[in-house]
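K.L.:
Please build the complex by placing chain B on the supplied structure of chain A, with the hints as guidance.
2 protein chains.
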Amino acid sequence: MINQHYLEMLGHKSVIRELSEYATARGKEIGYENVFDYSLGNPSVPAPESFTAGAIDLLQTEEPVKLHGYSPSLGLPGVKQTIADSCNRRFGMEYTANHIFPTAGCAGAIAHAVRAVTEPGDEVIIFAPFFPEYLPYLQDAGVKVVIIPASFADFQINFEAFEELLSDKTAAVLINSPNNPSGVVYSEETLRRLSDLLRQRSEEYGHHIFLISDEPYREIAFDGQVVPYPAKFYEDTLTCYSFSKSLSVPGERIGYVAVNPAAENAEKIVPICGQISRGIGHNCPSSLIQLAMAKAIDDTADLSVYETNMNLLYDTFQELGFTVQRPGGTFYIMPKALEEDAVAFCRKALDYDLVFVPCDGFHAPGYFRVAYCIDTEKVRRSLSAIRRFVQEAYGR
Amino acid sequence: MINQHYLEMLGHKSVIRELSEYATARGKEIGYENVFDYSLGNPSVPAPESFTAGAIDLLQTEEPVKLHGYSPSLGLPGVKQTIADSCNRRFGMEYTANHIFPTAGCAGAIAHAVRAVTEPGDEVIIFAPFFPEYLPYLQDAGVKVVIIPASFADFQINFEAFEELLSDKTAAVLINSPNNPSGVVYSEETLRRLSDLLRQRSEEYGHHIFLISDEPYREIAFDGQVVPYPAKFYEDTLTCYSFSKSLSVPGERIGYVAVNPAAENAEKIVPICGQISRGIGHNCPSSLIQLAMAKAIDDTADLSVYETNMNLLYDTFQELGFTVQRPGGTFYIMPKALEEDAVAFCRKALDYDLVFVPCDGFHAPGYFRVAYCIDTEKVRRSLSAIRRFVQEAYGR
Chain A
1 MINQHYLEML GHKSVIRELS EYATARGKEI GYENVFDYSL GNPSVPAPES FTAGAIDLLQ
61 TEEPVKLHGY SPSLGLPGVK QTIADSCNRR FGMEYTANHI FPTAGCAGAI AHAVRAVTEP
121 GDEVIIFAPF FPEYLPYLQD AGVKVVIIPA SFADFQINFE AFEELLSDKT AAVLINSPNN
181 PSGVVYSEET LRRLSDLLRQ RSEEYGHHIF LISDEPYREI AFDGQVVPYP AKFYEDTLTC
241 YSFSKSLSVP GERIGYVAVN PAAENAEKIV PICGQISRGI GHNCPSSLIQ LAMAKAIDDT
301 ADLSVYETNM NLLYDTFQEL GFTVQRPGGT FYIMPKALEE DAVAFCRKAL DYDLVFVPCD
361 GFHAPGYFRV AYCIDTEKVR RSLSAIRRFV QEAYGR
Chain B
397 MINQHYLEML GHKSVIRELS EYATARGKEI GYENVFDYSL GNPSVPAPES FTAGAIDLLQ
457 TEEPVKLHGY SPSLGLPGVK QTIADSCNRR FGMEYTANHI FPTAGCAGAI AHAVRAVTEP
517 GDEVIIFAPF FPEYLPYLQD AGVKVVIIPA SFADFQINFE AFEELLSDKT AAVLINSPNN
577 PSGVVYSEET LRRLSDLLRQ RSEEYGHHIF LISDEPYREI AFDGQVVPYP AKFYEDTLTC
637 YSFSKSLSVP GERIGYVAVN PAAENAEKIV PICGQISRGI GHNCPSSLIQ LAMAKAIDDT
697 ADLSVYETNM NLLYDTFQEL GFTVQRPGGT FYIMPKALEE DAVAFCRKAL DYDLVFVPCD
757 GFHAPGYFRV AYCIDTEKVR RSLSAIRRFV QEAYGR
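If you read the protein sequences in the order shown, they are chains A and B.
Each residue of the first sequence is one higher than the last, beginning at 1 in our numbering.
Each residue of the second sequence is one higher than the last, beginning at 397 in our numbering.
Same shape as in the complex, but just chain A:
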C-alpha cells in the first residue's frame, strides 16, 4: 500500500506552483511575453562561460572512467579543497577540504545539516518570512519547527519573540540572508546580537545550539555591499550554499555544507553527513558537475540585471506609496499589499497579467513576493501595468 502521509501531502498544492501554471496557461492565450510572470525564483541569465567551457574541456580531455567514476562518499577531494580555498579567501575562514561536504544544492545541504545536529523531537527555530519548503525539509528530519514571527519594521530578527521561544529543546536555528522572500540582508548588528544570544543560551542550557545558515543568494548583493558571512560571527555554524543562483545552474543540483572549523565536533560533521547520505540515497552530486563548478568557483553569471530590475520595481512601488523594504540582495522584493488580504490583492493583479505571489505561505500575511528574475525589458513594460492596476483597483 502506498504511504498515506505522502499521499496527503499531494493534496496540498503549492500556491507558487499554481500561479506559475496559471502564468504559463495565460501565456498560451496572449503570448508569454505579455504575461508579467513574477512567480518563480528561476535564474534568468546564462551560466558563465568558465562553467560551460570547463565542462566541455573535462568531457573532451579527461579519461572517462576517471571522470565519471564514483566520487568518494564525502566528495571529490580536489573540489572540496577548491571550495575551502575560495571561502577562506573571500570570508577569512580557515576551512580545510575536510570541512566541506558537496551536496545536491541547498536542499541537499539543509537535509544533511539538520540531521547532523539534531535528534528527532528536537526543536529547530526559523524566522518569518521564510521559504515554505523549509517545513518539509525540517519535518522529514523529525524535528519540531518553531516559527519566530517577522519583524515587520525591517525584516531583521524579531529578538523579543526569539528570546522567548528559544529553549533548552532548541537544537538549531536556521537563517536565510539574503532572504527569500523579502530580499533583506541581515546586518552585522543582527548577526552579532544573534550570536551573542546563541552563545549565552548554549552555555545556559549546557549544549551547543547550531546555526544553519542557508545562503543561496549570497552572491546577489546590491549597492556594492558584501553580505556579512554568518560563520564569521558564530562558531557553531553550518553554512549551506548552492551554486544555483550564482552560476545560474539550478538544474545541475550543486552546492555544499561548510562546517566552521571552530564548531563543536567540527571534524566529525562531514563524516556524519556521509552516513546520513547512505540512508536518504543522496550520495554525492554528479562528478562532472562537481568538477565543472570547481573550474568556475570564483565566477558568477552576470548578476547585475537583478539589481537593475530591483531598482526599477522598488522605485515604482515607493512612488505608488507601497510599504516596502529596499532589498539588499536576491531577486525578490516583498511589498505590503494595498488591502489586508494579499491573496485577494494578487488575484486582482492577475487581471493586469501581473503574477505576484501572496506571502501567506512565507508567514508574512498581507505581503506579496515579486520574483524579478526576468528580462529588464519586460520589467519596464510591467511598470505601466502596475500603475494601471494600482490606480484602477485602489484609486492611487
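These are calculated hints, taken from the structure and not from any lab test.
Don't take every hint at face value.
[What the hints assert, rightly or not] The following label-pair restraints were derived from C-beta to C-beta distances:
#	chain 1	residue 1	chain 2	residue 2	range
1	A	K66	B	S583	35 to 45 Å
2	B	K540	A	K13	30 to 40 Å
3	B	D698	A	V145	43 to 53 Å
4	A	H5	B	D771	44 to 54 Å
5	B	N707	A	T24	48 to 58 Å
6	A	G31	B	L406	48 to 58 Å
7	A	D57	B	F548	48 to 58 Å
8	A	K66	B	R595	45 to 55 Å
9	A	D57	B	E559	49 to 59 Å
10	B	D550	A	Y22	55 to 65 Å
11	B	F555	A	D85	54 to 64 Å
A virtual CB, placed ideally from N, CA and C, is assigned to each residue, including glycine.
P.N.:
Below, chain B without anything else, positioned relative to chain A:
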C-alpha cells in the same frame, strides 16, 4: 549537539572500504598494477561515445538558461518519455512518462521506492546474499528488515524460509537480479513462483505487497541471455534502475524508478516520490546528466570485458575445486572459501596480493566476492597468484 545515531554509524567501518584502502596503500608500495584488487564494484570501461558526445553537444548548442534550468520536480518530461519508450520496446511494458521518476542512481531510486510503499514500522523482506547498503537504505526509511537466508545450492530464492517469514506486516519485498555479490540471475521460474506467492499472500492479507526490483546490473548478462524482467511477472512492481554500470557513469548519479502501470495506485506513485524528495533534499538528478543519458538510452559501454573476465575466473575456480555458481551477469563471482572462516581466507589471500571480500556482510558467511571489473590482462596475471595461493595455503 551532533546526532548520536549517525555518530555511532561512523564507528562501523565497511569491510569493502577497508580492503580497498589496503589495496591502494599496498599499490603505493609495489605498484598498483601488481595488486590484484578485486574489492570494489567500480566499472572499468569507458562510457559510450554517445554519452560523451551527447553531453558536449548539449553544452555547445543548447541555450544555457534552459539547459541548466530547474528540472520539474518529477523529472524532465522528454527524458521520462525516452526511458518509458526504451523499457516498452525492450521489455514489452506499457509505461508512460508519468510512470518514470528520474533519480540519483539506484540509491536514490530505492530510497524513494521504499518510502513510497511502506509506513514506518512495516516489514520489508530481502534475500541473502544482498548488498550490505540495503540495511541503511531501509532502516533510514523506518521499516523493519526481514532477511531470508540464502539458498546456498543455487542462490535462487529460499522459498521455504520466504513462505514462513512473509506475514501480514510485509509491505514490500526487495530483490536484486542479477545479484551483487553472487552474480546469479533469477530464473523465469523463480520470478513466477515469487509472483504467485506474493499475489496469494496479498489477497490473504488484504493489502498489496509491493515488489521493489533493484536492477543496476540488468545489462551485464552473459551467454547471450536476456535477464528476465520482474515487472513482467508481477503487477505491483517498482523497478529501480541505475545507468552507473550500463553507461559506466557511476559518479554521475543517474537512474530511475519505473512504476508498473498495472500496480495499485500506479498513477500516484511518481507524484508521491516527488513529495518524498522534498523532505530528503534529493530533487532531480542533474539536468545535463538526465539529457545526456537520454541521448545514450539504448547504448551501453563495451560490457564484453566482464564476460571474458568471468570465464577466466570461473574456469580457474572450478579447476581448483571451489564450490562456485557460474554467474549469469554482473561483474561479481562468489566462490565458497576453502575454510569455514572467509575472513581468515581473504586475509591469507592478501599475502599473494589478491584482494577478495569476505561475504559475511552480504549474509553469505563462508563465501567471498571477487569484483572482476578490472583489465583482463590483470585478471590473467592474477590466475597464477590464485593458483599459488590455493596450493601453498590449502595444498590444492
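K.L.:
The structure should be examined with respect to each hint, and the outcome stated for every one.
P.N.:
Against the structure, the hints come out as follows:
no. : hint                            : result
1   : K66(A) <-> S583(B): 35 to 45 Å  : holds (37 Å)
2   : K540(B) <-> K13(A): 30 to 40 Å  : holds (34 Å)
3   : D698(B) <-> V145(A): 43 to 53 Å : holds (51 Å)
4   : H5(A) <-> D771(B): 44 to 54 Å   : holds (49 Å)
5   : N707(B) <-> T24(A): 48 to 58 Å  : holds (56 Å)
6   : G31(A) <-> L406(B): 48 to 58 Å  : holds (57 Å)
7   : D57(A) <-> F548(B): 48 to 58 Å  : holds (51 Å)
8   : K66(A) <-> R595(B): 45 to 55 Å  : holds (46 Å)
9   : D57(A) <-> E559(B): 49 to 59 Å  : holds (57 Å)
10  : D550(B) <-> Y22(A): 55 to 65 Å  : holds (59 Å)
11  : F555(B) <-> D85(A): 54 to 64 Å  : holds (57 Å)
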